[in-house]
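*Asks:* Chain by chain, the residues run as shown.
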Amino acid sequence: MHLSHAHQASRLQLNDHGQLRHFLSTEGLSREMLTTILDRADSFLDGHGGIRNEPLLAGRTVMNLFFEPSTRTRTTFEVAAKRLSADVLNIDISKSSTSKGETLRDMLWNLEAMTADVFVVRHGASGAAHFIASQVTPHIAVVNAGDGRHAHPTQAMLDMLTIRRHAGGFENLTVAIIGDIRHSRVARSEIHALQTLGAKEIRVIGPRTLLPRDFEELGVNVFEDMTTGLRDVDVAIALRIQNERMESALLPGSSEFYGLYGLTRERLKVASPDVLVMHPGPINRGVEIESEVADGPNSLILKQVNYGIAVRMAVLAMTVEGQLAAQAAVQSRVLEGDAQ
Amino acid sequence: MHLSHAHQASRLQLNDHGQLRHFLSTEGLSREMLTTILDRADSFLDGHGGIRNEPLLAGRTVMNLFFEPSTRTRTTFEVAAKRLSADVLNIDISKSSTSKGETLRDMLWNLEAMTADVFVVRHGASGAAHFIASQVTPHIAVVNAGDGRHAHPTQAMLDMLTIRRHAGGFENLTVAIIGDIRHSRVARSEIHALQTLGAKEIRVIGPRTLLPRDFEELGVNVFEDMTTGLRDVDVAIALRIQNERMESALLPGSSEFYGLYGLTRERLKVASPDVLVMHPGPINRGVEIESEVADGPNSLILKQVNYGIAVRMAVLAMTVEGQLAAQAAVQSRVLEGDAQ
Amino acid sequence: MHLSHAHQASRLQLNDHGQLRHFLSTEGLSREMLTTILDRADSFLDGHGGIRNEPLLAGRTVMNLFFEPSTRTRTTFEVAAKRLSADVLNIDISKSSTSKGETLRDMLWNLEAMTADVFVVRHGASGAAHFIASQVTPHIAVVNAGDGRHAHPTQAMLDMLTIRRHAGGFENLTVAIIGDIRHSRVARSEIHALQTLGAKEIRVIGPRTLLPRDFEELGVNVFEDMTTGLRDVDVAIALRIQNERMESALLPGSSEFYGLYGLTRERLKVASPDVLVMHPGPINRGVEIESEVADGPNSLILKQVNYGIAVRMAVLAMTVEGQLAAQAAVQSRVLEGDAQ
Chain G
15 MHLSHAHQAS RLQLNDHGQL RHFLSTEGLS REMLTTILDR ADSFLDGHGG IRNEPLLAGR
75 TVMNLFFEPS TRTRTTFEVA AKRLSADVLN IDISKSSTSK GETLRDMLWN LEAMTADVFV
135 VRHGASGAAH FIASQVTPHI AVVNAGDGRH AHPTQAMLDM LTIRRHAGGF ENLTVAIIGD
195 IRHSRVARSE IHALQTLGAK EIRVIGPRTL LPRDFEELGV NVFEDMTTGL RDVDVAIALR
255 IQNERMESAL LPGSSEFYGL YGLTRERLKV ASPDVLVMHP GPINRGVEIE SEVADGPNSL
315 ILKQVNYGIA VRMAVLAMTV EGQLAAQAAV QSRVLEGDAQ
Chain P
15 MHLSHAHQAS RLQLNDHGQL RHFLSTEGLS REMLTTILDR ADSFLDGHGG IRNEPLLAGR
75 TVMNLFFEPS TRTRTTFEVA AKRLSADVLN IDISKSSTSK GETLRDMLWN LEAMTADVFV
135 VRHGASGAAH FIASQVTPHI AVVNAGDGRH AHPTQAMLDM LTIRRHAGGF ENLTVAIIGD
195 IRHSRVARSE IHALQTLGAK EIRVIGPRTL LPRDFEELGV NVFEDMTTGL RDVDVAIALR
255 IQNERMESAL LPGSSEFYGL YGLTRERLKV ASPDVLVMHP GPINRGVEIE SEVADGPNSL
315 ILKQVNYGIA VRMAVLAMTV EGQLAAQAAV QSRVLEGDAQ
Chain Y
15 MHLSHAHQAS RLQLNDHGQL RHFLSTEGLS REMLTTILDR ADSFLDGHGG IRNEPLLAGR
75 TVMNLFFEPS TRTRTTFEVA AKRLSADVLN IDISKSSTSK GETLRDMLWN LEAMTADVFV
135 VRHGASGAAH FIASQVTPHI AVVNAGDGRH AHPTQAMLDM LTIRRHAGGF ENLTVAIIGD
195 IRHSRVARSE IHALQTLGAK EIRVIGPRTL LPRDFEELGV NVFEDMTTGL RDVDVAIALR
255 IQNERMESAL LPGSSEFYGL YGLTRERLKV ASPDVLVMHP GPINRGVEIE SEVADGPNSL
315 ILKQVNYGIA VRMAVLAMTV EGQLAAQAAV QSRVLEGDAQ
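Chains as they are written, first to last, in the working numbering: chain G, 15 to 354; chain P, 15 to 354; chain Y, 15 to 354.
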């Protein structure tokens with residue numbers, strides 16, 4: 015079942031030539047594909063914290079469909095699309111006609127007819143991006159900007175880019191992800207990407223209530239204790255604790271969480287001396303991470319944000335190119351048919 | 015009085031050379047002008063569902079002034095303006111200084127001074143676009159994106175473009191408009207456009223409470239019954255039923271409306287076999303229209319949306335050109351005066 | 015203390031070569047610098063009410079960070095940035111992660127990492143723009159779009175541009191500012207700019223409760239009476255009365271204010287015959303100013319709005335250039351260090 019799910023996701027994401035046409039999850043994509051995305055993202059980085067603009071999407075329209083608000087992620091996609099010279103439209107879903115009783119499918123079809131080329135989708139329901147990709151007409155590329163607890167693949171890929179640029183590769187790495195793994199789309203996407211890219215060992219660390227139930231299936235090692243979990247790790251990724259979870263029974267209070275799982279200098283002493291410290295942001299200082307660690311020499315938290323622009327540029331450019339190649343193939347088949 | 019109203023509207027919309035300088039209503043414009051708009055819109059369509067970009071408004075600023083919210087219409091104007099390389103600003107009227115006691119006229123003057131070239135206006139009050147066009151300084155073009163129950167001329171023109179492209183012309187056509195005619199700015203603008211373009215017969219179909227009181231003056235045939243009203247029609251346009259009206263005493267409940275006036279396959283059997291089915295959107299499936307009709311082979315509903323981009327591009331380009339020609343004429347008169 | 019404050023502000027605003035790198039307040043800037051800003055703004059005006067576009071910020075990202083809403087000011091910065099070919103992002107602070115417990119500094123660092131070049135900041139707290147400028151990494155330019163009661167320097171500079179263009183200079187001018195001086199960031203910035211630019215006399219006119227307590231320090235002449243205050247003035251600037259103040263005990267009702275301090279034709283009879291009438295907008299007709307004065311031949315109120323685009327273009331261009339020069343200097347020092 016797990017394989018067939020990955021297989022399905024792969025079929026939807028790729029065109030007949032194996033090129034990316036939607037970017038929905040890291041699951042189901044090959045190591046070659048993930049590496050291509052990282053290489054493409056690398057090509058936009060100028061090495062001085064700047065990003066090279068390329069007018070690859072000039073004349074194309076990217077529509078941000080955010081069914082749940084996220085100024086931060088929406089802004090990164092908007093910057094990325096503009097750096098590719100696309101026209102960007104932020105569709106305010108809450109004010110739009112879905113609230114007037116229009117179905118989601120009708121709304122998508124209407125936006126398509128307004129000559130959209132890419133939908134960047136953020137949705138509170140797991141699987142929403144896949145559903146939307148299955149509904150749109152063939153030439154529209156769908157990029158998942160986070161769906162429920164399922165996937166946040168651009169976040170995962172920017173984390174992979176960060177690791178590759180600062181650790182040189184994945185083969186010999188032990189990576190620990192800390193916090194609320196169970197409810198985290200980021201963790202889920204990271205685990206799939208790290209496995210595909212060949213990380214030596216993936217660990218998850220957190221209280222039992224926040225650990226995944228299917229961890230054996232995921233192929234990760236589970237730790238409830240930071241001292242053993244962080245031992246000799248090369249990369250430590252602290253996840254954001256959602257306030258809404260802290261208020262529920264699932265989690266101890268934020269100071270208690272920090273007491274047990276906060277990423278502190280003291281706790282990192284057992285890790286590799288040049289451990290890379292990462293966090294998807296926005297950080298809660300004194301909850302998941304000590305300020306001195308977040309701002310310290312091993313922290314790559316702001317690099318992650320910067321690389322995120324390049325990764326989103328890569329994914330936008332590649333999915334549009336994949337759609338164009340698929341259309342060209344269809345047209346050439348039609349022409350061949352005509353010629354017979 | 016009716017004629018003088020049309021005459022007034024015409025004078026405001028055209029410059030001294032008869033070129034479009036505002037686009038406020040289909041009423042008062044000649045068949046030649048409407049045909050020119052359709053031809054210009056056609057020129058932006060590439061024939062494969064795509065739209066040709068042209069940088070006709072590069073360096074110009076289009077301001078969307080939406081006094082009532084409409085994500086859908088605003089988005090189409092934003093896409094159209096960007097495809098012409100204009101800078102687009104969405105002015106959030108509800109948060110702007112009119113709420114601080116500034117008069118509408120002062121707000122307009124201020125926006126003009128910020129170097130606007132076009133105001134796209136949506137307003138809940140009938141006549142608002144005309145009023146605004148009468149207040150702005152001469153070089154600003156005003157495009158009506160819907161005012162009260164009065165007019166929605168770009169919607170009417172995209173419907174005309176749809177009919178012309180799919181029926182070939184207007185002369186031999188019987189067109190039926192179904193639903194809440196009385197409160198519909200779309201119906202009003204369509205009736206004027208169809209009459210001007212020479213449609214053979216225009217029918218309106220709906221419950222007595224929702225039919226116009228001045229129908230004889232409008233020159234349309236009125237039907238309260240779908241079977242007789244749809245007989246042999248070439249085009250059937252279902253209007254959207256506004257929920258707020260359904261909740262009032264004016265309308266039966268939505269299922270009762272569907273029972274009497276829903277556009278179904280069964281009812282369309284009396285129409286022309288290749289009847290064109292249209293709807294301004296967003297559709298209420300099972301209220302105004304049967305899903306199988308909306309998604310069926312005769313439905314042009316999504317084409318309408320697509321053509322709407324081209325029509326808005328045409329109107330934006332033509333009004334700006336009309337304003338520039340008017341300014342040039344004024345300047346040359348000033349220069350001639352200087353020379354004497 | 016006053017001098018050291020100005021000195022501090024100056025140090026933060028200029029790079030090592032004395033070029034503008036942030037624009038936070040008119041206080042602390044030299045007459046040469048203010049004149050350079052005015053000259054640069056002048057260069058964007060085409061003399062016919064139009065603005066010359068220049069692609070000076072092509073490929074650069076301007077982020078509008080408005081912690082308090084101001085559609086009007088935000089729109090002017092958006093227009094100005096687009097006329098310089100910048101990408102503009104309006105960050106909706108109220109919906110962004112600061113509301114999720116992220117610190118302001120973390121939010122700024124994140125936005126920087128998204129490759130921002132300029133932050134345009136509006137904030138309800140006095141000193142916020144200075145604080146933000148002190149926190150950002152060196153290559154980000156900060157432009158103050160109004161902070162608390164402290165400063166609104168682009169408004170002051172567009173007023174200076176208006177005066178210079180219509181009065182020819184500052185040396186022989188008597189300028190009166192009327193209304194709620196004490197709470198006005200506009201008045202504060204104007205007074206500093208007028209002093210620096212060498213105005214002959216600066217007067218403030220208003221009820222005692224609304225006059226500054228430190229007026230002697232400011233070097234202005236204070237009048238509670240319009241007849242003596244307006245006598246022989248060359249420029250009369252009416253400030254906007256904030257409704258929230260009128261509702262408090264600080265102010266008489268609006269009609270009582272108008273009766274005492276409204277700028278009327280009658281009252282202006284004692285002023286210079288070609289007195290320039292100005293107002294930062296939006297105007298309250300019949301509260302601060304008589305309609306006939308606002309719309310009369312001496313009024314420059316709409317010119318001010320128009321010049322405001324040019325002033326914002328100048329400040330955006332100059333601060334980015336100042337940052338680039340500072341970076342280039344750092345890099346050349348690094349290279350020299352390498353060479354040794």
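Rather than coming from a laboratory, the hints here were simulated on the basis of the structure.
There could be a bad hint or two in this list.
Note that the list lumps identical chains together, so a pair holds whenever it fits in one copy or between two copies.
Cut-off 25 Å, straight-line C-alpha distance, at most; resulting in silico cross-link-like pairs (DMTMM-like, lysine to aspartate or glutamate) [unchecked claim]:
1. Lys-317 x Glu-116
2. Lys-283 x Glu-350
3. Lys-214 x Glu-116
4. Lys-317 x Asp-239
5. Lys-317 x Asp-106
6. Lys-283 x Asp-60
7. Lys-214 x Glu-231
8. Lys-317 x Glu-350
9. Lys-283 x Glu-304
10. Lys-283 x Asp-53
11. Lys-214 x Asp-288
12. Lys-214 x Asp-106
*Asks:* Output the indices of the hints that this structure fails to meet, ascending.
*Replies:* 2, 3, 4, 6, 8, 10, 12
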